[in-house]
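Please model the complete structure; the sequences and the hints are all you need to start from.
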Amino acid sequence: MSSIIDAYTTSGTERETALPVEELIRQLDDAGIARAVVAPEDREIAVHNRAGNERIARLAADAPGSPGGTGAPGNAGRLIPACTVNPWFGAEGVKELSRAVHAGARMLVLAPALQGFYLGDEIANPLYEAAKEMLLPVYVHTGPHGPAAPTQLALVAMQFPRTRFIMGHCGSTDHAHDMPAALKLKLPNLWFELSLVRPFAIHHWGKIAGDERLIFGTSAPRNLPRHELQHADLSWPIAKNSGTYGRNIEALLAEVRP
Amino acid sequence: MNVFDCHTHWAPCFQNRDGRNPAAWIELIRSAGVSHAVILPFTGLIHDGKVGQDNDDLAAVCAHPAAEGRMIPFCTAQISVPDEGLAEIRRALGTLKMRGIKFHPWLQGLSPGWAAMDDVCDLAEEFDVPILFHDGTPPFSLPAQMALLAKRHPRVQIILGHTGLFEHWREAIAAVNLTPNLWPCLCSPHVAALKEIVRRCDPQRLLWGSDHGFTLDNFYPYRRGLMELIGLDDKQREAMYDVNPRRLLKM
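These protein sequence lines are chains P and G, in that order.
Under our numbering, the residue at position 65 of the first sequence is numbered 65, and the numbers go up by one with no gaps.
Under our numbering, the residue at position 135 of the second sequence is numbered 135, and the numbers go up by one with no gaps.
Derived by calculation from the structure, the hints in this document are not laboratory data.
For every residue, glycine included, the Cβ atom is placed at its ideal position computed from N, Cα and C.
This list has only true hints and no planted wrong ones.
Label pairs and their in silico Cβ distance ranges: (1) P/129 x G/246: 56 to 64 Å; (2) G/229 x P/118: 32 to 40 Å; (3) G/95 x P/20: 58 to 66 Å; (4) G/24 x P/26: 37 to 45 Å; (5) G/53 x P/23: 50 to 58 Å; (6) G/233 x P/91: 48 to 56 Å.
Covered stretches of chain G (chain P as the covering partner; in silico rule of three or more C-beta atoms under 8 Å from a C-beta of chain P): (7) 131–140; (8) 163–173; (9) 189–202; (10) 215–227.
Rendered as structure tokens:
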């Protein structure tokens with residue numbers, strides 16, 4: 001049985017992330033991926049946080065193969081729900097984060113470009129503090145120029161050393177130039193997620209960061225899991241990097257305490 | 001059917017390994033099923049003092065018998081000193097017979113809004129060659145910036161080298177649809193974006209590129225594979241890989 005985990009997917013209802021959950025599961029099966037974190041879609045990340053968090057929690061609970069689902073048994077917890085909160089909701093947002101984690105969410109997703117804030121802006125500090133208390137990993141979409149650069153997230157991670165951050169996309173594409181410096185910091189509370197990173201270049205990051213800091217992800221349905229995993233394996237072999245392909249994200253998610 | 005890769009580079013890793021002999025480079029693209037490649041500079045994009053040398057090297061590499069006429073060289077120049085930059089472009093297009101112009105505006109520190117860029121467009125029109133821009137990144141490489149330049153020079157063909165990358169591809173679609181002389185090169189956006197670009201843009205201007213050649217990593221298995229995931233029909237495939245680039249490059 002595969003132990004591979006895809007740390008970032010979406011089962012959305014519109015635009016380029018529209019994908020029924022059954023099709024997401026089929027794509028994971030096709031790739032040989034055991035489990036996946038599933039996140040709200042863009043509109044839910046930007047504005048409809050609670051509706052999105054509730055939809056994703058339901059979707060994960062009801063997914064084929066899950067305890068409440070209708071698929072084949074033996075795949076309990078196939079989809080792991082993430083949640084999102086726009087930092088501009090302030091204290092109300094912190095309440096929603098707590099509610100969502102108590103309802104099963106195991107990762108907070110922030111997307112500064114979608115949510116209208118810059119990494120380093122103190123507007124998001126209450127969320128980082130709340131995540132720290134719950135040992136909840138904070139996945140931040142990086143890459144957009146201005147709000148979400150790798151260096152900006154590294155500074156936030158230094159400012160909140162007890163909050164666990166995952167650098168989504170490693171700044172792809174052009175902020176990839178900043179990555180060697182960010183990786184060499186070896187911050188103990190910062191991990192690096194690989195979706196949208198050119199698969200054939202993953203080994204460059206791996207040589208600096210090591211297997212223990214990288215986390216595999218596909219950003220399905222923006223990408224096709226089978227294609228991403230196949231080419232990631234060629235660059236950074238699954239057989240030699242079990243941390244990257246599951247163990248690291250699994251450990252982070254397992255320690256969340258609502 | 002030919003397969004034109006409209007976005008490749010000749011980087012120092014190849015120059016240092018192979019000198020001006022592209023035999024190994026050609027063998028690699030051939031093994032990927034690519035028949036022709038637009039070769040863009042690299043050293044000249046990051047080292048102003050080596051622009052002329054890089055143009056010389058690229059022209060020589062592409063004229064080498066091992067290139068078999070399959071490598072189409074584009075030049076670059078630093079136009080922050082306009083007279084010198086324009087003279088270099090004239091030399092590259094005239095004396096060296098290079099076939100297009102490439103800018104990477106954020107690397108080179110050049111804005112598409114500068115008056116000197118309008119002078120470059122005048123030269124491109126005079127020599128009847130296209131200009132390829134890196135795009136998808138601010139502050140100097142937004143699809144909208146290229147679109148406004150293209151609108152100021154409607155007889156010059158301008159290529160969006162990445163069609164907006166991961167964040168500006170929707171803007172790129174809008175830019176292409178508002179600007180008849182703007183060509184989207186499908187190079188680097190994710191699968192979902194590539195599908196949308198193909199669905200919404202003029203099929204007669206679609207190009208494909210791999211970005212191969214700025215490191216020794218082999219970009220082709222992944223990037224060629226991506227194009228197999230977006231559901232092109234035979235007519236779209238032929239237009240993008242063969243008919244459109246030949247029309248653009250006058251081949």
